[in-house]
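Asker: Residue numbers (this note's numbering), protein chains in the order written: chain A, 1 to 242; chain B, 1 to 264.
Mixed in with the good hints, there may be bad ones.
As the list claims (entries may be wrong) - Derived Cβ-Cβ restraints for the label pairs, each shown as a range:
#  : chain 1 : residue 1 : chain 2 : residue 2 : range
1  : B       : 88        : A       : 119       : 23 to 33 Å
2  : B       : 56        : A       : 194       : 20 to 30 Å
3  : A       : 64        : B       : 205       : 50 to 60 Å
4  : A       : 181       : B       : 83        : 17 to 27 Å
5  : A       : 40        : B       : 150       : 13 to 23 Å
6  : A       : 65        : B       : 261       : 18 to 28 Å
7  : B       : 205       : A       : 11        : 52 to 62 Å
8  : A       : 27        : B       : 27        : 56 to 66 Å
9  : B       : 229       : A       : 195       : 34 to 44 Å
10 : B       : 205       : A       : 27        : 27 to 37 Å
What the hints assert, rightly or not - When the alpha-carbon atoms are kept at most 25 Å apart in a straight line, the in silico SDA-like pairs for lysine to any residue are as follows:
#  : chain 1 : residue 1 : chain 2 : residue 2
11 : B       : 240       : A       : 188
12 : B       : 125       : A       : 191
13 : B       : 205       : A       : 107
14 : B       : 67        : A       : 118
15 : B       : 125       : A       : 118
16 : B       : 240       : B       : 260
17 : B       : 67        : A       : 188
18 : A       : 133       : B       : 116
19 : B       : 67        : A       : 235
20 : A       : 185       : A       : 107
21 : B       : 67        : B       : 156
22 : B       : 67        : A       : 133
23 : B       : 67        : A       : 108
24 : B       : 67        : A       : 191
25 : B       : 79        : B       : 248
26 : B       : 240       : A       : 167
27 : B       : 205       : A       : 34
28 : B       : 245       : B       : 156
29 : B       : 79        : A       : 96
Treat the hints as calculated values from the structure; they're not laboratory data.
Heads up, the beta-carbon is just placed ideally off N, CA and C, and yes, glycines get one too.
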Amino acid sequence: MPQQLKRLVVLFAILAAGLLAARHFLRPATFGERGHYRSAAVTTVAAQPIHYAGRESCAACHTEIVATHRGARHQTVSCEVCHGPAAAHTESPTENRLPAPRERGYCPLCHGYDPSRPTGFPQIDPVAHNPLKACITCHKPHQPEPPHVPQECSACHGEIARMKAFSHHALLDCTRCHATPVRHKVTPRVVRPDKPRTREFCGGCHASDARGPKEIPRVDMETHGGRYLCWQCHYPHYPEGK
Amino acid sequence: MDERSKPVAPPAEEICAERRAFVRTCSLAAPLLLLGLRAAAVRAFAGADAPYDPKEHYYGMGVDIAKCIGCGRCVEACKTENDVLREPFYFRTWVERYVITPAGETVVDSPQGGIAGFSGTTSEKGILRTFFVPKLCNQCANPPCVQVCPVGATFLTEDGVVLVDRDYCIGCRYCIQACPYGARYLDPRTHTADKCTFCYHRVVKGLLPACVEVCPTGARVFGDLKQRSSPLNRFTRFNKVQVLKAHMNTEPKVYYSNLDGEVR
């Protein structure tokens, strides 16, 4: 073997040994066990303290309230939504007492009117709805049945009501077009209101031969609209035309 | 017929001895077999006490846009649970409000991430349709943030969650740039990247993520995709679901139903 090759072999051997030694000392202990990461980091993340105890832990002591809450409309609302994180409370209940929001500002976080909220979600106008009265004087937060069945459709369908109020149909009652069973107010998602099912329903006012003021726009029901019901093109809560 | 191929019956005593041996073996083997079955059954039903095995889980989340009321309780709970800075630029989850005007313009806002709700203002330009979109880390199965990390400090766990190794993150911000969902931020206290962990510390203990726990309308659904009966599997079975920025090929595990095409 030529001498220079020998030297090279020695040099490379030293380099390789150095590399292996460096890798041995520099590589984190648990790196590469499960993938290209330190698996000890997973343990670190999993060891983070818990603040929200979960609704199951409330039931251990507050049996009565939990039982009331279970069948009520707020059953999907976890205790900690209103009362805040409860992990510290579950460990020493008397030292860490939880707040109960009683002021008027809290409930509108969910129930204040906002057009972006899904229609049918109960919303009120926080300015106009029984001003200065705390919500809990009329509504029990754990079992929030309204003190009386809402008389106005706008209690839940605020966006439609507000839109209709500015439209040509402002003076029409909702029930003029929607046959609304009484049960809809109690179980709104199970029993739903009706919609007009014939073209003739709208034709009662808008057909060319309909009786009524001449300001009402008229169409020839024979030729206009074809296969569609009127509300499949015209939005009745905000019809076009000025 | 050939003489050799004829079956030769063994003597009667030999058959008896064989039968006795067989019965003896069976009577010895049966209790052993039963013991083995019992041990297997005990192991199967002691699932609750068994140590957490990440290989048995694969987490995902469902978000139903039609149920979100924009109350911001998820944002509040997330900040409390995970000690996220209160300043309005650090969010692990946040809620956006989309307003699409009759002219076709899309206006998106998220005041303070929606932590204090949204003041119910109506758009001056009118509203064609409007809704809230809760956002968070999409826990991609093909995460760009993990690809770009030069030190292996962010990674995908076996149960499908993207985590950050705080002790090895060098704060280079590559992952923040790479995330197409804007779900990461640099924590100024530690100078390391931080993000939603699906509340990993809660999930491994069988609790729900804090945002799911407090969502009052059930707009957020959390579940294990490897478990046949989980709320998430019901969610994906009965809804038409979409993911955000599917064209990026990140394979997100946050599934949205009733998602509008304007949402980016």
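Asker: Could you run down the list of hints and mark each one as holding or not?
Answerer: So, going through the hints one by one against the coordinates:
Between residue 88 of chain B and residue 119 of chain A the beta carbon distance is about 30 Å. The supplied range of 23 to 33 Å therefore holds. About 50 Å separates the C-beta atoms of residue 56 of chain B and residue 194 of chain A, a value inconsistent with the hinted range of 20 to 30 Å. Checked against the given bound of 50 to 60 Å, the beta carbons of residue 64 of chain A and residue 205 of chain B, roughly 27 Å apart, lie outside it. Remark: the range hint 17 to 27 Å for residue 181 of chain A to residue 83 of chain B is contradicted by a beta-carbon distance near 50 Å.
At about 20 Å, the CB distance of residue 40 of chain A to residue 150 of chain B agrees with the hint of 13 to 23 Å. For the pair residue 65 of chain A and residue 261 of chain B, the beta carbons lie near 44 Å from each other, so the given range of 18 to 28 Å is not met. Here the CB-CB span from residue 205 of chain B to residue 11 of chain A is close to 55 Å, well matched to the stated 52 to 62 Å. The hint said 56 to 66 Å for the Cβ distance between residue 27 of chain A and residue 27 of chain B, and at roughly 57 Å that hint holds.
Remark: the range hint 34 to 44 Å for residue 229 of chain B to residue 195 of chain A is upheld by a beta-carbon distance near 37 Å. Evaluation of the 27 to 37 Å hint for residue 205 of chain B and residue 27 of chain A yields a pass: the beta carbon distance comes to about 30 Å. Straight-line distance between C-alpha atoms of residue 240 of chain B and residue 188 of chain A comes to about 24 Å, which keeps the hinted pair within the 25 Å bound. A hinted pair counts as satisfied when its Cα atoms are at most 25 Å apart, and residue 125 of chain B with residue 191 of chain A does not qualify at roughly 35 Å.
With a CA separation close to 32 Å, the supplied pair residue 205 of chain B and residue 107 of chain A exceeds the 25 Å bound. Our distance criterion of 25 Å between C-alpha atoms is met by residue 67 of chain B and residue 118 of chain A, whose separation comes to about 7 Å. The straight-line distance between the Cα atoms of residue 125 of chain B and residue 118 of chain A is roughly 20 Å, inside the 25 Å bound, and the hint therefore holds. For the given pair, residue 240 of chain B sits about 12 Å from residue 260 of chain B by alpha-carbon distance, which is consistent with the 25 Å threshold.
Taking the CA atoms of residue 67 of chain B and residue 188 of chain A, the gap is about 15 Å. The hint holds against a cut of 25 Å. Annotation: proposed proximity of residue 133 of chain A to residue 116 of chain B holds, straight-line Cα distance about 22 Å (limit 25 Å). Distance restraint check for residue 67 of chain B and residue 235 of chain A: the Cα-Cα separation of roughly 23 Å lies within the 25 Å cut-off, and the hinted pair is therefore satisfied. About 21 Å separates the Cα atoms of residue 185 of chain A and residue 107 of chain A, which keeps this hinted pair within 25 Å; it holds.
Proximity of residue 67 of chain B to residue 156 of chain B is assessed by CA-CA distance (about 30 Å); at most 25 Å being required, the pair is judged violated. With a C-alpha separation of about 28 Å, the suggested pairing of residue 67 of chain B with residue 133 of chain A is violated against the 25 Å cut-off. Note on residue 67 of chain B and residue 108 of chain A: the hinted pairing holds, with a Cα-Cα distance of about 17 Å set against a maximum of 25 Å. Annotation: proposed proximity of residue 67 of chain B to residue 191 of chain A holds, straight-line Cα distance about 19 Å (limit 25 Å).
Distance check on the hinted pair: residue 79 of chain B and residue 248 of chain B sit about 28 Å apart at the alpha-carbon level, beyond 25 Å; violated. Using a Cα cut-off of 25 Å, the hinted pair residue 240 of chain B and residue 167 of chain A is violated, with the two alpha carbons roughly 34 Å apart. Annotation: proposed proximity of residue 205 of chain B to residue 34 of chain A holds, straight-line Cα distance about 21 Å (limit 25 Å). In summary, the hint linking residue 245 of chain B to residue 156 of chain B is supported, as the alpha carbons are separated by about 19 Å, within the 25 Å threshold.
Restraint check: the Cα-Cα separation between residue 79 of chain B and residue 96 of chain A comes to about 20 Å, which is no more than 25 Å; the hinted pair holds.
Hint compliance for this structure: hints 2, 3, 4, 6, 12, 13, 21, 22, 25 and 26 are not met, and every other hint is.
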